[in-house]
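A.B. asks: Sequence:
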Amino acid sequence: MPRTSANGVEIEYETFGDPAQVPIVLLSGGGAQLTFWQEPFCEDLASRGFCVVRMDNRDAGLSTSFEAAGVPNVPAVREGREQAPYLLADMAQDTVDVLDDLGAKAGHIVGISLGGYIAQVMAIDHPDRTLSIVSMASGVGGPDNIYGAPDGGWHDDDETQAGQTFEESVESRLDEIQWMSTPQYFDRDVIRPRIIRSMRRGGNPDGAERQAAAVHASGSRAEALRESRVPALILHGALDPHLPVENAHRTAAAMPGSRLVIMPDLAHDLPDQKWAEVIDLIVEHARQAEGRPLP
0 MPRTSANGVE
10 IEYETFGDPA
20 QVPIVLLSGG
30 GAQLTFWQEP
40 FCEDLASRGF
50 CVVRMDNRDA
60 GLSTSFEAAG
70 VPNVPAVREG
80 REQAPYLLAD
90 MAQDTVDVLD
100 DLGAKAGHIV
110 GISLGGYIAQ
120 VMAIDHPDRT
130 LSIVSMASGV
140 GGPDNIYGAP
150 DGGWHDDDET
160 QAGQTFEESV
170 ESRLDEIQWM
180 STPQYFDRDV
190 IRPRIIRSMR
200 RGGNPDGAER
210 QAAAVHASGS
220 RAEALRESRV
230 PALILHGALD
240 PHLPVENAHR
250 TAAAMPGSRL
260 VIMPDLAHDL
270 PDQKWAEVID
280 LIVEHARQAE
290 GRPLP
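In terms of numbering that gives the first Met the number 0, the sequence shown opens at residue 0 and continues consecutively.
Where hints are given, some of them may not hold.
Claimed, not checked - The calculated lysine to any residue pairs, modelled on SDA-like cross-linking and capped at a C-alpha distance of 25 Å, are:
(1) Lys104 - Thr164
(2) Lys273 - Arg249
(3) Lys273 - Glu283
(4) Lys104 - Leu280
(5) Lys273 - Arg258
As the list claims (entries may be wrong) - Label-pair ranges, simulated between beta-carbon atoms:
(6) Met0 - Gly147: 43 to 49 Å
(7) Ala223 - Pro182: 32 to 38 Å
(8) Ala223 - Ile145: 33 to 39 Å
Rather than coming from a laboratory, the hints here were simulated on the basis of the structure. Remember, predicted model here, so these are calculated numbers, not experimental data. For each residue, glycine too, the CB sits at the ideal point set by N, CA and C.
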């Protein structure tokens, strides 16, 4: 897979489809690798006339790990008593570096959860590189975020819990994912091999904590988003237990002209059964942002 190298940070990424087409960059959630975006999803999206890019965020998968920074105290960061090793602005710059590596002037940015935060920062900090954003299962950050989880945190896809065997860690991760997932679609037998592949691909046990610290240290984007004119699609599941659906309404209210779509049968996940619907929404939004006709 190709890898960028800028400012001492290496970002692993993979492309699907014709590299001459406009890129759609897929950004994963906290602790998740690029493999969150399954190959068939990427291939289907690319077949609609785009170059699809999935990337490992810093501190995830095969991208640079900031392990030398140690493990932050996320509550202390949230309260302003401790600094984060990096900010969402740095993660957005990583996305720009991938666009640079592709030789692309701009792209559509699609992010889920943490990836949605980064997409929003792209719209704020790099509007000239951002054709449109899709902010999915996300929020505007800071005190304006509403969390279902008490600490507003997350866990690394690849973490083997202390004292657990590999198999026990897989089952623990399945339990965590199931809590966030749409009950009617969740299937442990489908998700288990994906977790195993992810854990074997590359682990970064503390990276998710540093990513969470970046979220809290970056504060609210509500005011800055009001100045953004980047076309935005806000997607959210009505059943989301981690970032309740009110976050979507707050994000849409902060972004003039954005489109809000609430999916009634979705939680904090992207089940296979929803791929076709989500891909249609992404493609429609991207084509409208470019002024291209719909097929």
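A.B. asks: Confirm or reject the claim that Met0 and Gly147 have a C-beta distance inside 43 to 49 Å.
C.D. replies: violated (34 Å)
A.B. asks: Does Lys104 pair with Thr164 here, judged by a C-alpha cut-off of 25 Å?
C.D. replies: Between Lys104 and Thr164 the Cα gap is close to 46 Å, so the pair fails against 25 Å, i.e. violated.
A.B. asks: Is Lys273 within 25 Å of Glu283, Cα to Cα?
C.D. replies: Since the Cα atoms of Lys273 and Glu283 sit roughly 16 Å apart, the hinted pair holds (cutoff 25 Å).
A.B. asks: Within a Cα-Cα threshold of 25 Å, do Lys273 and Arg249 meet the stated pairing?
C.D. replies: holds (24 Å)
A.B. asks: Tell me if the beta carbons of Ala223 and Ile145 are separated by a distance inside 33 to 39 Å.
C.D. replies: violated (19 Å)
A.B. asks: Has the given pair, Lys273 with Arg258, been kept, meaning a C-alpha gap of at most 25 Å?
C.D. replies: The hint holds at about 19 Å.
A.B. asks: Is the Cα-Cα distance between Lys104 and Leu280 25 Å or less?
C.D. replies: Holds, at roughly 23 Å.
A.B. asks: Check the following: the C-beta atoms of Ala223 and Pro182 are separated by a distance inside 32 to 38 Å.
C.D. replies: Holds - the Cβ-Cβ distance for Ala223 and Pro182, about 36 Å, lies within 32 to 38 Å.
Taken one by one, the earlier hints fail for this structure at numbers 1, 6, 8, listed in ascending order.
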